[in-house]
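Take the sequences, apply the hints, and build the full model.
What follows is the residue order along each chain.
2 protein chains.
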Amino acid sequence: MTNEKHAVNREQQRHQQRQQKIKQKVDEKIAKAQDERGLVIVITGNGKGKSTSGFGTVARATGHGLNAAVVQFIKGNWECGEANLLKQHGVEFCVMATGFTWETQNKAADIAAAQITWADATRLLADPDIDMVLLDELTYMISYHYLDLDDVINAINNRPHHQHVIITGRSCHRRLIEMADTVSEVQEIKHAFHSGVKAQKGLDW
Amino acid sequence: MTNEKHAVNREQQRHQQRQQKIKQKVDEKIAKAQDERGLVIVITGNGKGKSTSGFGTVARATGHGLNAAVVQFIKGNWECGEANLLKQHGVEFCVMATGFTWETQNKAADIAAAQITWADATRLLADPDIDMVLLDELTYMISYHYLDLDDVINAINNRPHHQHVIITGRSCHRRLIEMADTVSEVQEIKHAFHSGVKAQKGLDW
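Just so you know, the sequences run in chain order A and B. Heads up: the first sequence at position 155 corresponds to 155 in UniProt numbering, and the numbers run straight through without jumps. Heads up: the second sequence at position 9 corresponds to 9 in UniProt numbering, and the numbers run straight through without jumps.
Hints listed in this document are in silico derivations from the structure and should not be mistaken for laboratory results. Certain hints may be false.
Below, computed lysine to aspartate or glutamate pairings styled on EDC-like, alpha-carbon distance capped at 16 angstroms [claimed, not checked]:
#  : chain 1 : residue 1 : chain 2 : residue 2
1  : A       : K190      : B       : D181
2  : B       : K198      : A       : E36
3  : A       : K198      : B       : D181
4  : A       : K21       : B       : D27
5  : A       : K198      : B       : D27
6  : B       : K198      : A       : D181
7  : A       : K29       : B       : D181
8  : B       : K25       : A       : E103
9  : B       : K190      : B       : D204
10 : A       : K25       : B       : D204
11 : B       : K198      : A       : D35
12 : B       : K198      : A       : E11
13 : A       : K201      : B       : D35
14 : B       : K107      : A       : D35
15 : A       : K23       : B       : E103
16 : B       : K190      : A       : D181
Just so it is clear, the structure is predicted and the values come from calculations on it, not from any experiment.
Structure follows, in structure tokens:
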């Protein structure tokens, strides 16, 4: 065997030893994590990709034959690619469909619409046939005081044991973050919109 | 009209005035953002939801009838809910399918697999019939030196003008962040796995 081949073999051995150590640690962690239950997941922050991540998880669950439902606050008066696709697979969509507060310009109507949409959410959060509920843009309903925080927390706490709940939106309330199992914060590093790029079909909606 | 009703009306007027000002600013920004082209989007950081956000965007695009394709590095030797669902809608999946480096423990084989998978990516990045390419977990291929950074940058720069590219994975290389139009960093605030919760079907894979 040449010196070069020896060196390659030694490098492969060292690589294998390092990876075996990593594998041991990963396996230990996996062995410790044996709890299975419905989780509360919060995706907050000012960056792009929060709702999209929620819809990605709904697509994942649906692809495994789980029953997922989507409740959309604020958004929803325009066509959404993800809704087009997921509805074909039996995902129920409950949509507030008012658009942004600066579109409606009517606080009383916004509050009424939020509460009607929340009634759909409470129904889904009490339904043991539903495995996952995405509460898209829920955080704004709390920060605008359109929904009562205690009502929201109670409905989530009393849901079926196996049901996953995903909450998206900026500036998530501290108490929702505290009750959540997994929290990710999506930070904007840069965004094409600020460089003059239009919101595009299939990418942004 | 009672005093109370007057107060409610004044509050609604103030709300409307505030929202009209916001609407004006939003409309001005939208009017300035008229560029339409394929974007490079990077979703990086150590938090949960990067790949999921990528798959959510693919679901969105597919729901609008765009042609999306997925290239998965590292991952892919287990069943994925999102792949189950998206394949039914004609989304092409090219999967490295080796699993994590600590599973294979063989660097030469990993590099060979990465390069075969990258050949699929270059084919898709040159195909004008493809509207969106998700390069899931690509960042690791650069940080491990399994793929050449200049090759990756050239293939992305020379893609069809309308084609969107989404790159996911931790520790994205500075040069990919510089060339990207939109960059989000997903930060882990907390993760259920560290509290002993198992990775669950439909939620984590």
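Taking 16 angstroms as the top limit, are the C-alpha atoms of A/K190 and B/D181 close enough?
holds (7 angstroms)
Keeping to a limit of 16 angstroms between CA atoms, is the pair of B/K198 and A/D35 held or broken?
With Cα atoms ~5 angstroms apart, B/K198 and A/D35 stay inside 16 angstroms; holds.
Do the alpha carbons of A/K198 and B/D27 lie within 16 angstroms of each other, as the hint requires?
holds (12 angstroms)
For the pair supplied as a hint, B/K198 and A/D181, is the alpha-carbon distance within the 16 angstroms limit?
Distance of about 12 angstroms is within 16 angstroms: holds.
Checking one constraint from the list: CA of B/K190 to CA of A/D181, max 16 angstroms. Satisfied?
Holds. B/K190 to A/D181 sits at ~7 angstroms (cutoff 16 angstroms).
Within 16 angstroms, alpha carbon to alpha carbon, are A/K201 and B/D35?
holds (13 angstroms)
For a C-alpha distance cap of 16 angstroms, please report whether B/K198 and A/E36 respect it.
Satisfied, since the Cα-Cα distance of roughly 6 angstroms is no more than 16 angstroms.
Hey, A/K25 versus B/D204, does the alpha-carbon distance stay inside 16 angstroms?
violated (20 angstroms)
Could you grab the alpha-carbon distance between B/K198 and A/E11 and see if it respects the 16 angstroms cut-off?
With a Cα-Cα distance of about 34 angstroms, the restraint between B/K198 and A/E11 is violated, given a limit of 16 angstroms.
Given the hinted pair B/K107 and A/D35, is their alpha-carbon gap at most 16 angstroms?
This hinted pair is violated, its Cα atoms lying about 33 angstroms apart.
Under the criterion that the straight-line Cα-Cα distance not exceed 16 angstroms, is the pair B/K25, A/E103 satisfied?
Cα-Cα ~12 angstroms, so holds.
Are the Cα positions of A/K23 and B/E103 separated by 16 angstroms at most?
Within the cut-off at roughly 7 angstroms; holds.
Violation of the numbered hints given earlier is confined to hints 4, 7, 10, 12 and 14; the remaining hints are satisfied by the structure.
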